[in-house]
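Novice: Given the structure of chain A, go ahead and fit chain B onto it with the hints provided.
If you read the sequences in order, they're chains A and B. Quick note on numbering: the working numbering labels position 78 of the first sequence as 78, and the sequence is numbered without any gaps. Quick note on numbering: the working numbering labels position 30 of the second sequence as 30, and the sequence is numbered without any gaps.
Treat the hints with care, as some may be off.
Straight-line Cα separation of at most 25 angstroms, SDA-like style, residue types lysine to any residue; simulated pairs [unchecked claim]:
(1) B:LYS152 / B:ARG248
(2) B:LYS66 / A:MET33
(3) B:LYS152 / A:GLY153
Some, not all, of what chain B presents toward chain A, calculated at C-beta under 8 angstroms [to be verified]:
(4) PHE9
(5) THR102
(6) VAL224
Calculated Cβ distances over 12 angstroms to all of chain B for the following chain A residues [claimed, not checked]:
(7) ILE63
(8) THR65
(9) PRO68
(10) PHE69
(11) VAL95
(12) LEU155
(13) VAL203
(14) ASP226
Don't read these hints as lab results, they were simulated from the structure. Ideal placement from N, C-alpha and C gives every residue a C-beta, glycine not left out.
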Amino acid sequence: MSEARATRRSPTVRLFLMGFLALWLIAAAFPFMWTLWGSFKVQSDFFSIQDWRNALWGTRTVIETGAPFTGAGYEGAWIQEGFGGAVFNTLIVTVCVVAISLTFGTLGGYALSRSSYNYTFWILMTALVFRAMPHITLVSGYLLPFFELNIWGYLSTTIIVLVAINQPFTIWMLRSFFMNIPKDLDESAMVDGCTRFQAFRYVIIPVMWPGVITTGLFSFLLAYNDFAVTAMLLSKENQTMVPKIASFLGSTQQEGNVMFAVAAVVSATAPLFVLVLFFQRQIVSGLTAGAVKG
Amino acid sequence: MKHKTFLSFMLPSAIAMLLFIALPIVSVFTQSLFIEHEKVLITVENCVPLGGCTMETVVDTEAAAKLKAERPLGQFNGFGTYTNRNHLAFDEVSAFWHSSDTLGEFARQLYGLPFYKALSFTLAYTFLVTPLVIILGFCIALAVNALPRMLKGLAIFFSLLPMMVTPLIGSLILFWMIDSRGVLGQTLQVLLNDPDLSLRASPALTWIMLMVYGVWHSAPFAFVVFYAGLQTVPQDTLESAMIDGASRWERVRYVVLPYLMPLVTFIALIQLMDNFRVFEPIVGFSAEASATSLSWIIYNDLRGEFQLFGSAAATSMLTILGVAVLLTPVLIRTWRDFKGARP
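So here's chain A without its partners, still in its complex pose (with noise of 0.2 angstroms):
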């Protein structure tokens, strides 16, 4: 009763913050509805010279294709310009990052949650440095080696480069899970016997999968999202899809092009959605984790 009295609103205040909030929920959401129901219709209805509104009923659709909605964008895109084999690209690198970055990051970040000395916190508050690092001056300084070694242009290399840029941020998301696990569970193993590597492996991976199931989430955003990395370090036919809707957006010249890229973009967000539905969880428990934490 008590609680509901203190956080009781006068009927303005709470008309003003659903309106506020309203507001905020169509910035938030229109775009993305806007962009999904007009990537099926022709380019002269979306972008219209006449009418907004044509977007919606799609008149110069009817007129070009026989029908209010077309797949052509889609068609285009995924056929024509083979963003498919992009797809399939975005895959491989983010399950090898999200992968990779966790089993280092886990081990990293169990040290540095089970260690006291005053090195831990230089790697941390380095890591804080390295953490704000623009990426794109990381990646002048790739280019050059890499082209010296020959290992430019390749998946696997911008995998690693991924992992490593992740590292920062994955070792202190998963320290302040671990700094949630008591240590009495570890070191009542190690006093039955057990070394440290078998207390990690027996008695901490058991229960450590929360903050693991959300650094991944994290890890994986960071893989799926990234452009100044992929843009720069991977050759055109192993392109993943954030370069290759840039790429497409050079080539706007054409009556139909811009469609493309709409109808990738959207088949770009439709994962995100899922991600969202599925994880909203953890991902809030993640964002707050360090934050509430310290």
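Specialist: Below, chain B alone, put in the same frame as chain A:
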């Protein structure tokens, strides 16, 4: 944990970071001291039948390729790249300083130099978007917190979308809507009664557009952090404040806000780091004519047929310096806390 065990656990992660973050910084510094080889020019005699012979100066591509293979870094230039017109431009800046009568004129001339143009946008973006994100995120958190329980999940789902979407894709989606033939662009034309209005044509509007995107993209992050923080605000303190006669606004101002202050620091830190590297929206909005950022000029040097490694590296070093300046207060504070926490 013993030093040796610590090392073996830390090793994979440490090697990855050393090889691909620390070493590249060294590599960037080295590259920044070199510039591209000068073009090798040779004079050849060009004879056409009946036309006689002319002497022509052409670029010797073979010799250039050989030179490049021998010394891929280029020729040593010291700190010359840092001070040339495309970077810190010391000569130009001092000339402007002496020739301009007012500070405004000086600033305008300075803005004509590529590095300062990028720096001014990067700084303006960083220091305007960060506070706006914090304010908007806090308001959304308050509003969502007031929703009935069953609507909260839905509101959080939609609120998360702008942050989760790939930055380049998010900016493209907004760019297509704001296009003068898109839905928002046309609505604005009608609202402002200006059929020729194009957000891309004016630098000021482009800046605003990019910053609106930045706030749209990052506000969910601040919102989620604040929202989680709001769940832990002690209810007794709120209630005693109410009994003491604090109005709703006073309760937010004097109880909730101080309680959430550490979160503000956290969000500000993360946002400063992320906004300083603003890059994708400029590509997505094709805004480079009116707004460039430090990251974007590095990208611009690196793409294309003739990659300017020296120039990109010098800008990178200056950017890293900027990051260091940005982080110094945080590092000093953390160091003090760390020292204070130990006996």
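Novice: Does each hint fit the structure? Answer for all of them.
Specialist: Cross-check of the supplied hints:
| no. | hint | in the structure |
| --- | --- | --- |
| 1 | B:LYS152 / B:ARG248 | holds, 22 angstroms |
| 2 | B:LYS66 / A:MET33 | violated, 55 angstroms |
| 3 | B:LYS152 / A:GLY153 | violated, 45 angstroms |
| 4 | PHE9 | holds, 4 angstroms |
| 5 | THR102 | violated, 34 angstroms |
| 6 | VAL224 | holds, 5 angstroms |
| 7 | ILE63 | holds, 17 angstroms |
| 8 | THR65 | holds, 20 angstroms |
| 9 | PRO68 | holds, 17 angstroms |
| 10 | PHE69 | holds, 18 angstroms |
| 11 | VAL95 | holds, 17 angstroms |
| 12 | LEU155 | holds, 15 angstroms |
| 13 | VAL203 | holds, 15 angstroms |
| 14 | ASP226 | violated, 8 angstroms |
When the structure is compared with the earlier hints, violations turn up for hints 2, 3, 5 and 14 and for no others.
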